[in-house]
Amino acid sequence: MKQTSETGGEASQDPSGSASPASGRVAAWKLLAAHPVTLFSIFVLTCIVVVALAAPWIAPYGVNQTDVSRALQPPSAAHWMGTDDLGRDVMSRIIAATGTSMQIAVASVVFAFMVGVPIGILAGYVGGLVDAVLMRVVDVMFAFPVLLLALAIVAILTPGQLTTMIAIGVVFTPIFARVARASTLSVRVEPFVQVSRTMGTPGWWILLRHILPNITGPIVVQTSLSLAFAILSEAALSFLGLGIQPPYPSWGGMLFDAQGFMSQAWWMSVFPGAAIFIAVLAFNLLGDGLRDVLDPKQRTLAELRRKR
Amino acid sequence: MTKVPKSAVASLALLSLAACSTGESVDLDGSADEVDSAVLRAAIGGEPDQLDPHRTSAYFSFQVLENIFDTLVEPDENLEMQPALAESWELSDDQLTWTFHLRDDVSFHDGSDFMSDDVVYSYERIINEELANAWRFDAVESVEALDDYTVEITVSAPTPNLLSNLGGFKGMAIVSEENVESGDISSNPVGTGPFLLSSYTSGDQIALEANPDHWSGSPELAGVEFSFISEPSTAMAALTSGEVDWTDNIPPQQVEDLVDSDSLEVEVIPSNDYWYLAMNINEEPWDDARVRQAIAYAVDREAIIQAVSYGTAQENQLAVPEESIWYTEYDQYANDPDEAERLLDEAGFSGGSIEFLATNEYPETVTAAQIIADNLEPLGFDVSISQPDFSTWLDEQNSGNFDMLMMGWLGNIDPDDFYYAQHHSDGGSNAQGYVNDDVDALLEAGRTETDESNRADLYSEAAQIIADEASYVYLYNPAVIQGWVPEVGAYQVRSDAAIRFRDTTLEE
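Chains as they are written, first to last, in UniProt numbering: chain E, 1 to 308; chain H, 1 to 508.
Bear in mind the hints are in silico, worked out from the structure with no lab data behind them. Here a beta-carbon is modelled for each residue, glycine too, at the ideal position from N, C-alpha and C.
Quick partial rundown of chain H residues pointing at chain E, CB under 10 Å, derived from the structure: (1) P251; (2) V366; (3) A369; (4) Q370; (5) I385; (6) S386; (7) P388.
To spell it out: a stretch of chain H is covered by chain E in this simulated footprint if at least three of its residues, at any positions, have a beta carbon under 8 Å from a beta carbon of chain E; those stretches are: (8) 231 to 242; (9) 372 to 383.
Just chain H, same shape as in the assembly (with noise of 0.2 Å):
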């Protein structure tokens, strides 16, 4: 699959709290030689399985590497796209062409300048070994530098979304040609971030070490050690006792209590990730929309949403969340057995078992996978739950080897990210089997679209037709949960799950 599930963290929730860290005063101006600078702890859910940002796909993987690589443009906190690597851009008139020009002062860790050639290779690996991101390329012609700090990237098309192609996470990341020709990028990342690899003890923990050349300014903290607790549990007494200063994997049934609480910071908030049903379309009965359309009134969203995130999540049955600028309003399905009993006796089902593929990589695929099969007995289905690893999730997935899955998309910005590559049906995704000349139609004018009101107009009638048909059958936007000691400060936390800590403070 293309766009992996950057992993999944779990865990969602929707109240907008946004930046009501400590109040305390932060000091932005960079001045790190000053203040008495500490080392932050940071307590992530899985290790990372390995440091290339191009290669890897794993949740855990870009949460360190957010703070070891820039990318030519980046989302900022309402995922409106900034500038980082790249100082402006152009696009010419014909919307054929953009221009980035690049920042003159930046280095890589290793001291070797940033230049338009690192732009090009960078992209040019992603493009030529058609790595996991390729698709975000799709519509590029061609990337060409200039001169040292210039990069023209021509489209065939206009691509209204290719600053958040090329900047929405750090799979997009500036890599240096000579730490991935020498192989060491997977356990030795060279990047251009705030903060540079200093250690990387397999099983134990990451250490960054904050570089004080970045454009930004030098981080206020002088390193980050990523240490990885997977038991949400366990890595919640590691906060509470002060083991560690930050982190995101807490227990989403102790979120009530801690939003109250004095001891510890925690901020919960909406999300543009989503989790969905899919079922194998190109298998019986699947193959009938009405059957889909049946297991969608079946399910009780409710159920799930207070089972795997204690209410924190937020329902909806299309992918884009409520407050994306990209929402449709839909409602569709109700909790509705009756309506999906008819539906069923109207497709001839009846009855039989099914495979459930869910993974214990993400427990709230098994936890929802209880209450599902549970929804789904009395209509007549005899549900089987595997729970296999991911990367067993993700094979079985690709070679059809399921009747029915959940998953989650994570990291979307552009209404592209959530329906293209899923629903298309050339989509690299598209791993149910979908198909529908009117929403390939729809998706692929909402490619070239510029106007934004048309294009959101193109992508809410495909999302409806997508919904209506059963494609995906959505679930819910989680949240983001993430909690730090109060010495922390000047840390916010984002709804693309993104972990920047390179304004964040630490008093000791």
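So here's chain E without its partners, still in its complex pose (with noise of 0.2 Å):
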């Protein structure tokens, strides 16, 4: 199953990037690349993960490098964010807490995708009973809080970064799966799909070939948008001391370990959270853009506006 899912989302990237030329419609970068605020939020991405991937380079001093004789100072030349509790400097910290929590959004996130996806087309064009016991299995999953979902997988295994990255990646699950199941049951009825079953296309390859592709648009907004909630869902469960375990850094741990200094280092914990701010904004912006693009009703306005 995850197989066919990973051709199926490369393949997807072709029919909509080259057939909507060929529709005489606007291509969807292009579309993209008017749309300033997602440019930006590209241009933000692109930063963020620039500074994870070189985070051993471009980190000033060691990450769980203490000095206690240096602790609780405030933004310096020297440390450009301050120091925490430990000495331990501010910066060098939220650069390599980046890295863990990109590994973490993307991997869960990967997870998500490849298992709830299949899933939702599955129980989308097979319909019938195993659409009723796949959906009602993901709605148990539903009705469990996102967060005291995770909270119960984390304490069954040990924290870490790999239980994280479970746990976040389940409960994304069933978002994924309803997302495609819902798109799948609007696309199985169009005519091309029909007729290519008329024709005694086998079901692999319809999925693959003709639903996949189409219902490519509200996936990848939802991957976007998905993102945007692992890195919440990741600092929550490190405030928690659930997620990464210290001394690793993570965003979530270092606002933990601030709120015991709000009134003496205000550095500590403005730092981290301007970081989740900043990295949750982006993935949300560029959603957002995604799906103006991607949904074909929002499009229609935005090529209408391109013409005008």
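Hints are included, so try docking the two chains, each in its own frame, into the full complex.
Quick look at the structure:
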């Protein structure tokens, strides 16, 4: 099942990109490019990724290097974002945590995507009993508040980076399943699918060739939004002490450490908080931009605007 | 484990500021009738797990129970044992029979009389049910009621620390049989103490009401309300805004400013608690004493103390604090990474990843763990820190599922409390698995030696071997930090961190 969706995911790029100009419509990326907010969010995300990848080289100090004699220093030339209660450089830790946060967000969303999308497509396309069973399972998972379910998963496994990825991935799986199913339901009754079916095309080929490419839009948007929420969830878990374990830095964990020093060391909370804010906002704005472009209705509006 | 750390609110310090509370003249005659008595609102760091003094091991429980229950004898502010429910006692010439004469004017909060049967029942409950404090009766052969107000305790060998075992803290409280048998004791305890429980709202507060018939006289306060505020800065805000009158949950980083402040009374006094590192001696590479010693040289105690207590704690390489009559000077270990490196090379240790068991319920363990991880990194240790809740922590410790851990022991009085259970090969709290026949012999001798200076020598020798071989790597003695509004009077901070409100006053 994973295999199917992987190939499917790649295949989906082509139709949406190449088919559009052929139909005389504006290419998706051109619409995106015309949208300054989206462009900006892409720029910010690129910066975040660069920072995450280059962390070991650009962090000015050792991540876990303590020096109590320099504890709680306000931002200065030596420590741009100040130092924390153990004398560690806040900026170095934020930079190091960027990579961790991104890894967890991407890995957990990929997990949710790989599991959720195939479930959703299968349920939507096959229908009947399969649909009923799969969707009830998804409903049960939906019944738990997101964080509660994640907490339960972490409580069963031991806290750590892998567990955090699994917990967030599992929590987001039903969302992808539902989005994929809803889109599949509308696509499978389209004439071209019906025709393909009457021609005797095997089910898996229809799923791969006809269904998946045509539900890409909502799923891509969902992926971007999920990345934002995955970052938030990771921060929440780490804040509660169930995500990344000390001494390794995470934005949420740094906020937790900072709460005892709110009145004395604002830099300990403001900078990690700003990091979370920026990353989440960037993914959200990107998601919004993508939706405008990929959702047929919004897209028509955008195209009209463009023509005018 | 037998004597569980009473929990811990962390932070310590040392500056004997003793009783410099408000300067108010205090009316101690107990005539509550004419005083406009008020209810004191106290904020403690967490909610008691239960209120059965014999079964709980949480410090939060004892903060409340200290005011509800009495023991036969009780420690005064110098931790010397004074009469409480027992008015007087005699020790036979062979040192094997202790006879306690009880007060005859004491009644439980439910109105029933307190008599010698209650003492026998309470002690037998602890012994027969093998409760956490049963080890305190290891030397006791029998507890008998000679008449309604006389109790005789027979011991198998001279037991110089019997009084501190019987009265060191409220875990040895005298309970009411009826209260225990009905099962109410865990939520609605009936004691003989200066306050009685009037209401308990789980998750919210515990309200106590003065017991006008207490043997030490009626308390000045009409009652005490305990609320639970786990976050120190929140507790501090509550104290500053006047929502509460008293708290022991004070952010250590603010202590320096607060001590000088006029609007609040904050006291910092040295405590008898200590925090330590222990390594799992049953596993490699910790079975080699040189590796443990290397850790003792590698840790930066000063940095740890600064980080966990803002300098309020006192560095100590043994358990007993400097103020105690049992103190031994010892400074074998300095922060010396080269020596640590040398010892590790000698032991043939070549690096590896280790698990540090901390717990988020004692945040100082997590803070210190991060410093220690940094200290050990250059030596080739890759330290991963786990921080489960305390009950999981205890399970992990007791099943030997750790490489290194940090914890503290609270409420110690007698040197036996400090060393026996932790380092005797049969000790109930020897989770690290330390075995040394010499130490065993010394600790056993200390239990029966009645001459105080000989006894001090025995413990001094044992303690030095323990530290030399790094059964524990001792870190520091914390301070007791408590604060209250200036309207509170006649309250005394105690080095055993017991919280007694029976003489406390509160101006409206």
